[in-house]
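Kindly generate the complete structure, drawing on both the sequences and the hints.
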Amino acid sequence: MTDYILGHINYWIIVLLMMIGLYTMMSMPNLVKKMAGMSVFQTGVILLYISLGKVEGGTAPIIDDGYVLYANPLPQVLMLTAIVVGVATTALGFALIVRIKEAYGTLEEDEIAAMDDSE
Amino acid sequence: MISLVIDIVLLLFLVVMAFAILRMHHLLAVAMLFGLYSLLVAGVFTVLDAPDVAFTEAAVGTGISTVLMLATLAATRSTHERRRKGVAWMPLCICIATGALLIYGIHNMPNLGDPTAPQHTEVAKRFIESGQAETGVPNLVTAVLASYRGFDTLGEVTVVFTAGIGVMLLLVRREKPRIRGEQHDAK
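Going down the list, the sequences are from chains A and B. For the first sequence, position 111 matches number 111 in the working numbering, and the numbering has no gaps at all. For the second sequence, position 28 matches number 28 in the working numbering, and the numbering has no gaps at all.
Treat the hints as calculated values from the structure; they're not laboratory data. Given the structure is predicted, the values throughout are model-derived calculations rather than measurements. Don't take every hint at face value.
Stated by the list, open to error - As a list, the in silico DSS-like pairs of lysine-lysine whose alpha-carbon atoms are at most 25 Å apart:
1. A:34 to A:101
2. A:101 to B:85
3. B:85 to A:34
Here you go:
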């Protein structure tokens, strides 16, 4: 049982992290705050994959004569891509926020929705 | 064992930080906290034996994301979000349900760092055994990124390029009509 808890507590905290990000994204009406929440959620997903690649007693996956046990390089490569793509989408999101502010004069989602309804 | 303790402590810091981002109404403080959050994530990556990912996160996540957020705040001239009272129950219920499903989904995953876990015994094993011989690069992350999955990286570059075009279209388009209008007025 202790073994199970020690082996899984890392995943549980990461799920908690993801849910805080999801809650921020869904409940906060401010668009900048939503983007922050999305990034928190995203880092949670990336952390989950990176922890899948961890090997107990292993080292970073750089081949050297002194070591035999290495972490799994595959999730690391995929998450490297995910981080860069994530920042690209975040940049696009922020550009949309700047345009929304120009068009509506506010960053609060409910005010934007009210303006759309009154038209 | 010691690396697990450091990992858990850093992750708990991250939870505190994420909660602070949720509760904070000052958007500049949110941006700064977000930079700190990314830096801590880079620390967790180092503990989890992923230095390449940690470099990327520290450079791209901490640097570029925070700068982008600050630039957005400056461009929109917003400092505070409007305060709201109470808890949003509907999103909270969805989050708890999703979290419960995820916990249920990971309950039979192998323990953290188990060397006999299936993800370590198939493809990754081959990369580690013959990666250096086949590509000549001692860093296996680079070997997989640039050689075995090179087309993936090409796709990534395409996505970044597309996002760059999108940002340019969104932010540059507005300027032109105004300049023309002003010239027209001058005549």
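Which constraints among the numbered hints does this structure fail? Numbers only, ascending.
none
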